[in-house]
Every structure is written in structure tokens, then in C-alpha cells.
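Student: Below are the chains, spelled out letter by letter.
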Amino acid sequence: MAAAPFLLLAPGTLWLLIFFVWPTLQMLLMSVSTGSLDDGYQVTGSLDAYGTAISRFPKQFGNSLLYGGAATVLDFLIGFPVAYTVAFRGGRYKNLLLFLVIAPFFTSFLIRTISWKTLLGDEGPLLGFLKHSLGVLPAEFTVTGTSFAVVAGITYNFLPFMILPLYVALEKIDPALIEAANDLYASRWQAFRRVTFPLALPGVFAGSILTFIPALGDYVNATLLGNPQTQMIGNVILSRYLTLNDYPLAAALSFILMAGIIVAVTIYARFLGTEQLTG
Amino acid sequence: MADVAVRLTQLTKRFGDPAGRRSATADGSPTAEGVTAVDHIDLEVEDGEFFSLLGPSGCGKTTTLRMIGGFEQPTFGRIELQGEDVTWLPPYRRNVNTVFQNYALFPHLSVFENVAFGLRRRKVPIAEVKRRVSEMLELVELPGFERRKPSQISGGQAQRVALARALVNKPAVLLLDEPLGALDLKLRRQMQVELKRIQEEVGITFIYVTHDQEEAMTMSDRIAVMNRGRYEQLGDPEVLYERPRTRFVAGFLGVSNLLPATMDGQADGYAAFRLGDGTTVRVPTTVLEDQSGSVAVGVRPEKIRMHETDQASPPGFNSLGGTIVDASYIGVSTQYIVRMADGRRVTVYEQNVERATKSELWKTGEQVVLAWSPDHCFVVEEGGGAAPESDEELNAVA
Ligand SMILES: Nc1ncnc2c1ncn2[C@@H]1O[C@H](COP(=O)(O)OP(=O)(O)OP(=O)(O)O)[C@@H](O)[C@H]1O
Ligand SMILES: [Mg+2]
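Chains as they are written, first to last, in this note's numbering: chain A, 1 to 279; chain B, 1 to 398.
A few of these clues could be false.
Claimed, not checked - Okay, the calculated beta carbon distance ranges per label pair:
| # | chain 1 | residue 1 | chain 2 | residue 2 | range |
| --- | --- | --- | --- | --- | --- |
| 1 | B | ARG122 | A | THR13 | 52 to 58 Å |
| 2 | A | LEU17 | B | PRO143 | 30 to 36 Å |
| 3 | A | ASN95 | B | ASP85 | 37 to 43 Å |
| 4 | A | GLY91 | B | THR286 | 24 to 30 Å |
| 5 | A | THR142 | B | ASN102 | 31 to 37 Å |
| 6 | A | VAL168 | B | LYS130 | 21 to 27 Å |
| 7 | B | LYS130 | A | ALA3 | 51 to 57 Å |
| 8 | B | VAL35 | A | PHE129 | 48 to 54 Å |
| 9 | B | ASN102 | A | ASN95 | 22 to 28 Å |
| 10 | A | ASN95 | B | VAL35 | 49 to 55 Å |
| 11 | A | PRO138 | B | PRO125 | 40 to 46 Å |
| 12 | B | GLN73 | A | LEU137 | 47 to 53 Å |
To be verified - Calculated from the model, a selection of chain A residues having no Cβ within reach of chain B, i.e. all distances over 10 Å:
| # | residue |
| --- | --- |
| 13 | LEU96 |
| 14 | ILE102 |
| 15 | ARG112 |
| 16 | TYR185 |
| 17 | VAL195 |
What the hints assert, rightly or not - Sample of chain A residues at the chain B side, in silico, Cβ under 7 Å:
| # | residue |
| --- | --- |
| 18 | ASP122 |
| 19 | GLU171 |
| 20 | ALA180 |
Note that these hints are calculated values from the structure, not bench results. Glycine included, each C-beta is placed from N, C-alpha and C at the ideal position.
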């Protein structure tokens with residue numbers, strides 16, 4: 001009987017071992033290897049790949065942090081009012097509204113990003129109209145191929161990952177608590193600031209992590225909506241891996257990214273945690 | 001005369017009107033759709049009073065309280081707080097505080113911060129916040145709980161914190177919506193006494209909502225018995241019990257025998273009423289108000305004495321013959337069901353004082369005479385509310 005919990009955990013543990021721990025270890029070994037695809041790779045313990053990764057790609061790391069961070073903040077600013085409205089004002093349309101939030105995501109990520117490219121293209125329906133029919137924009141005005149377009153694309157693509165956890169957290173808040181705050185002389189804004197928002201913090205945390213982490217590693221938006229200057233670290237890993245077959249460098253870049261994410265998330269959790277205590 | 005803490009004038013709330021917040025009709029009278037939760041209530045609550053709204057589920061108690069608190073906007077009517085019209089003020093601009101039914105403590109804040117919440121919003125200096133919060137925790141007997149989170153305290157303690165959180169602001173009126181509803185019977189009794197003590201200590205007006213008649217009776221200075229969005233009678237507990245004016249009030253507070261009757265003239269300060277079995281009973285004219293239509297004469301089961309048919313009733317008493325159909329010994333007293341000639345049943349409680357043992361009790365099938373002083377009679381209007389009707393239900397309540 002005592003073994004039952006372990007038996008129940010076994011499939012999950014096995015899954016993690018095979019599909020997460022094993023590949024991660026492989027990658028770790030690869031990142032300290034030297035060699036080439038033709039000659040084979042030897043685990044030499046060399047940290048050259050890490051040195052190269054840090055010295056050669058600070059701009060791409062920076063872009064990832066900047067775009068991922070900006071998109072997460074924008075998603076929060078757009079997503080919070082949406083989640084709040086659905087949770088508190090949705091009434092019997094809650095489920096329909098939530099469905100509408102997710103509906104565009106039944107189409108593939110790639111297709112959606114390519115449509116954005118078309119939509120925002122220099123002569124596309126939007127800019128074309130503004131430039132030629134209305135003449136309010138100069139002819140050389142462009143959106144695609146800028147960091148703005150990359151951030152917009154990431155923001156759009158990861159929005160539901162922000163909205164859904166926020167919704168879950170807000171939905172759980174007992175409306176009587178907000179009434180109690182109003183009863184205790186808190187205006188609507190103070191009730192929001194002192195009660196609703198602190199109670200929604202777990203959702204804010206989950207939503208921003210779920211948005212920020214995949215956004216950091218994204219390369220599709222930078223590829224389709226950006227230019228060579230807006231390359232993110234995901235683009236570098238992709239090209240090192242698939243085009244240049246420089247496996248150790250690709251692995252080292254991935255590990256640096258992972259370490260960065262772990263550090264960032266820990267700091268963030270600390271920050272939100274103390275905020276909640278002193279609320 | 002004491003000052004008026006809260007005055008409600010023609011206060012009305014309808015839910016589900018197509019016109020939205022405001023009723024489609026100007027005076028708040030019903031439209032085709034919608035529920036009238038509160039129906040043109042006029043009420044004055046005096047300063048320092050423990051006032052209860054008592055009534056069955058769905059009669060509009062919570063809605064009335066929520067309108068006073070500012071959480072619900074009236075369809076019609078007016079709310080004054082210490083003479084000031086607050087009908088359209090938001091809750092945070094009213095000098096009232098609420099103890100919510102499920103306490104609604106802020107789960108992310110400590111007990112101290114929960115209690116301090118209102119003071120902090122009012123920008124009370126920190127030192128004073130500290131002093132008043134600890135005083136208040138002292139009053140509700142929870143010193144030392146400052147740092148606990150609401151998830152770390154019991155239901156009874158949460159109830160006290162909710163009370164402290166409201167009282168610390170020294171509101172003009174404290175609103176309590178079934179605050180003891182979630183507690184078990186023993187704790188409930190204890191908290192009733194406690195609440196009453198605290199109310200007397202702080203001297204703040206309490207408006208207390210409950211559907212428990214015993215609770216309302218033990219704690220209140222005055223009670224309004226509500227039914228279907230109105231109150232049927234308002235008075236102190238004793239008057240409500242001794243002189244209920246409607247069948248609903250008589251049935252909601254304690255057990256009553258209600259005997260349909262027709263008035264048969266008045267003399268010497270008494271009115272004569274003829275009952276269904278032909279007997280005439282006398283009722284002091286002082287209990288007659290403007291009861292109209294068909295009426296019933298009421299008497300509480302514990303006011304009735306029983307004696308054998310060959311004995312005479314005390315002079316001036318009302319008397320009524322019948323047959324005992326059921327006797328149940330319930331410790332303090334024995335409950336008898338007596339059937340009258342017209343088939344009506346009357347409940348009688350007899351204290352087990354003289355008749356010490358079970359073998360000496362009245363037996364079923366015995367002929368008896370019921371006698372009671374006319375002064376214990378009350379008269380209710382027949383129609384109206386859905387009070388417990390049959391004897392079976394009355395017995396179940398007992
Ligand atoms: N928000 C609402 N929308 C529609 N109808 C409502 C609403 N709130 C209350 N009602 C209705 O108004 C009536 C009075 O409700 P209220 O909550 O005031 O009753 P109550 O006396 O407090 O009952 P209880 O003892 O069960 O709490 C009920 O018929 C109820 O269904
Ligand atoms: Mg209620």
C-alpha cells in the first residue's frame with residue numbers, strides 16, 4: 001500500500017525522465033563538446049561555446065529580453081482589463097467571451113503571423129489605405145521589418161496566455177470582498193488597489209510567466225515581421241542548429257537562455273511575494 | 001424622544017424590471033415582470049437601539065439591509081441616516097458598516113490589517129490605528145491574533161474579527177446580516193450574549209437581520225417581522241409575542257392557537273367572540289385594533305390551564321370544552337392536543353410542577369375544560385401571510 005503514491009507518480013516521472021531530463025542532459029553535454037557534424041562531437045568539457053555565445057550575441061539576447069519583456073507588459077496592460085471585464089461583468093456571456101479570446105488561436109501560429117505581415121505590409125490593406133486613399137501617411141512609412149512589428153506580433157500571439165490565468169484568478173474573487181472594501185471607506189479605485197489586485201497577483205504571476213518565457217525563445221515573429229537587426233536569440237539558436245550545424249554553440253545559447261529565465265522568474269516571484277505580504 | 005438613526009421612507013426595491021435600475025412606473029408600483037423584494041417600507045430606527053429585521057427566507061431582509069449599506073440602489077423611496085439623505089451615496093460615503101454573512105474577511109491581509117482597513121482608508125494616524133485596533137481586538141476577546149491570516153482562525157473567531165473590523169470605525173449604524181448563521185448552535189448562543197454585551201458597551205445602533213425568532217427575541221430592543229417585502233408588525237419582543245396582530249406574526253414567533261371567530265358585541269371593556277363550536281370567549285377591547293374582515297382569537301399554549309369537566313373555571317376566565325387526543329411528555333412541560341367539538345385542535349403546554357410523574361398526567365380520551373384569562377387573548381386578521389396552518393405544523397415548530 002505504501003508504494004501506491006510512487007506507482008501513481010511513475011508514469012509522470014518516466015515521461016519527464018525520457019522527454020525532459022534525458023534531452024536536457026544531452027544538450028548540457030553537447031554544450032561542452034567540441035567537433036563538427038562531419039567529424040563527430042567529443043565531450044571535452046570546453047567552455048568555448050559559452051564564451052562565444054556571450055561575446056558574440058549580446059544584441060540578440062538583449063533583443064529577446066527587450067521584446068519579450070515589452071510584449072509581456074503590453075499583454076498585461078491589454079489582458080487585465082479584458083479578464084477583469086469578463087470575470088466581473090461577463091454575466092452569462094462569460095463562456096462565450098472566453099471562447100472569443102481563444103477563437104483566433106484555432107488557426108496556426110504561422111498562418112496568423114503571416115496574415116499580420118500581409119495586413120501590416122507597406123502596400124497592405126491598412127497602410128495602403130492610409131497612404132494612398134487618405135494620404136495621411138508618407139509613402140515610405142513602414143511597419144513590417146521593424147522592432148515595433150516584432151513586439152506587436154509577440155504581444156498578439158501570446159495574449160491568451162496572459163488573459164486566461166488572469167481570468168481564473170479574478171473569477172475566484174468573492175464579490176463580497178469588494179463590497180466589504182467599499183463598506184470600509186475604500187473608493188472603487190482603492191478597493192481595486194487594496195483588494196482586487198492583490199488577490200489577482202497569482203494570476204498576474206502565472207500570466208506573465210506563461211507569456212514571457214515562450215516570448216523570450218520565440219523566433220517566428222522576428223523572422224516574419226522583423227529585419228536582420230531585430231533578430232532574437234531564438235533566431236540565432238535556430239540558424240546555429242539547422243543551418244550552420246554548430247550544435248555546441250546552439251546548446252550553450254539555450255542553456256544561457258534557460259539560466260536567465262530561471263534567475264528572472266525567481267527575482268520576479270520574490271518581488272510579487274513581498275508585495276503581496278505588505279499589500 | 002430618542003434621535004432617529006435610520007429613517008426609511010416608502011423604500012422599495014424591485015428586481016428584474018425591464019427599465020433597469022429605475023422602475024418603469026414612477027411610484028415603484030409593480031410592472032408585469034420582476035420581483036418586489038422590498039415593498040414601500042416606512043421605518044424608523046432609533047439611536048442606540050438593537051433593531052432586528054425578522055422574517056422567513058426571501059422576505060427581503062437582506063435587500064433592505066443592502067440598500068441601507070449602499071450596495072443596492074432603491075427603485076423608489078428614500079433613506080436617511082441621522083437626518084441626512086443618503087439614498088444615492090455610495091457605500092464608502094456612508095457612516096455605516098456591515099458585518100457580512102460569510103464575514104468577507106480579506107484573505108490576503110492579517111487580522112490586524114483587516115481590522116485596520118477602514119481606519120487606514122480614512123487616513124487615521126498610525127499610532128491611533130494601532131491603539132484602536134488593539135482596543136477593538138480586546139473588546140471581541142481576540143488579543144494576540146493580530147498576525148494571523150483569516151485562513152488560520154476558526155469560524156467563531158472570524159465572526160469576531162468581522163465585528164471588530166466594522167465597529168472599529170465607530171459607525172453611526174452597524175448592519176449585521178445573519179452574522180451567526182454559519183456557527184453551530186452552542187457557539188451561536190454564546191455569540192448572541194456576546195453581541196448584545198458589545199452592543200451595550202459601544203452604544204452603536206445595530207440593525208440585525210435574522211430568520212431565527214429566538215435569536216431576535218433574546219437580543220433585540222425592537223423587531224420588525226417581515227413578510228413578502230413588508231413588515232407585518234413592529235414592536236418590542238414582548239408585544240410581538242403577547243399581542244401579535246396577524247396570523248403570520250403569531251405563527252412566526254412561537255406557537256399559537258388561532259380560533260376563527262365572529263364578533264358578538266362589546267360590554268364593560270370586553271368584546272365577545274363566538275367560536276366555531278358555539279362557545280363565546282371574551283377579549284379585552286384594548287387588543288382590538290382595526291382588524292377587519294374575518295378574524296381569529298389567539299391564545300398561546302402555555303397560557304391555558306386544564307381542569308376536569310365537573311370543576312368550575314376561575315371566574316371571568318374563558319373556557320372551552322374538549323377531548324385530549326394526544327399527550328407528549330417533554331420534560332419541562334407536557335404538550336397536549338385537545339380537540340374541540342367542531343374538530344379544531346388546541347395545543348396546551350402544562351408545566352410539570354404539580355404532576356410530578358408521568359402516571360399522573362392527563363390521559364388521551366379524557367374530557368377536559370380549557371380555561372384562560374381573557375387578558376391573554378389576542379386577535380389576528382385571518383387572511384394574509386403563509387403562517388404555519390395546521391396543528392401538525394405548529395407541533396413540529398414546538
Ligand atoms: N440580485 C437579485 N436579482 C433578482 N432577485 C433578487 C436579487 N436579490 C434578491 N432577489 C429576490 O428578492 C427577494 C428578497 O431577497 P432577500 O435576499 O432580500 O431575502 P432575505 O429575506 O434576505 O432571505 P434569506 O433569509 O433567504 O437570506 C427574493 O425573492 C429574492 O429572490
Ligand atoms: Mg438574506
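Student: With reference to the structure, classify each hint as holding or not holding.
Tutor: Verification of the hints:
Range check, B:ARG122 to A:THR13: Cβ separation about 55 Å, and the 52 to 58 Å hint holds. The hinted range of 30 to 36 Å is not satisfied by A:LEU17 and B:PRO143, whose Cβ atoms lie roughly 53 Å apart. About 42 Å separates the C-beta atoms of A:ASN95 and B:ASP85, a value consistent with the hinted range of 37 to 43 Å. A beta carbon spacing of about 55 Å between A:GLY91 and B:THR286 contradicts the range 24 to 30 Å that was offered as a hint.
Taking 31 to 37 Å as the suggested C-beta distance range, the pair A:THR142 and B:ASN102 does not conform, at roughly 57 Å. Checked against the hint of 21 to 27 Å, the C-beta distance between A:VAL168 and B:LYS130 comes to roughly 37 Å, which is inconsistent with it. At roughly 54 Å, the beta-carbon separation of B:LYS130 and A:ALA3 lies within the given 51 to 57 Å, and the hint holds. Separated by about 52 Å at the C-beta atoms, B:VAL35 and A:PHE129 satisfy the suggested range of 48 to 54 Å.
Under the hint 22 to 28 Å, the C-beta atoms of B:ASN102 and A:ASN95, about 26 Å apart, fit the expected range. Restraint check, A:ASN95 to B:VAL35: a C-beta distance of roughly 26 Å breaks the suggested window 49 to 55 Å. The hint said 40 to 46 Å for the Cβ distance between A:PRO138 and B:PRO125, and at roughly 59 Å that hint is violated. Checking the proposed 47 to 53 Å range against B:GLN73 and A:LEU137 shows it holds: the Cβ atoms sit about 48 Å from each other.
Remark: the non-interface label on A:LEU96 is consistent with the geometry, its nearest Cβ contact in chain B lying 22 Å away (cut-off 10 Å). No Cβ of chain B approaches the Cβ of A:ILE102 within 10 Å, the least distance being about 29 Å, so the stated non-interface status holds. In this structure A:ARG112 is separated from chain B by more than 10 Å, as the shortest Cβ-Cβ distance comes to about 38 Å. The claim that A:TYR185 is not at the interface with chain B is violated, since a C-beta of that chain comes within 10 Å of its own (minimum 4 Å).
Distance check for A:VAL195 against chain B: the nearest CB is about 6 Å away, which does not clear 10 Å, and the non-interface claim fails. For A:ASP122, the suggested interface contact is broken, since its CB lies about 49 Å from the closest CB of chain B, more than 7 Å. This hint is violated: A:GLU171 has a C-beta 15 Å from the nearest C-beta of chain B, more than the 7 Å allowed. Annotation: A:ALA180 was flagged as interfacial toward chain B, and the flag holds, the nearest CB pair being 4 Å apart, inside 7 Å.
Hint check: violations occur at hints 2, 4, 5, 6, 10, 11, 16, 17, 18, 19; the rest are consistent with the structure.
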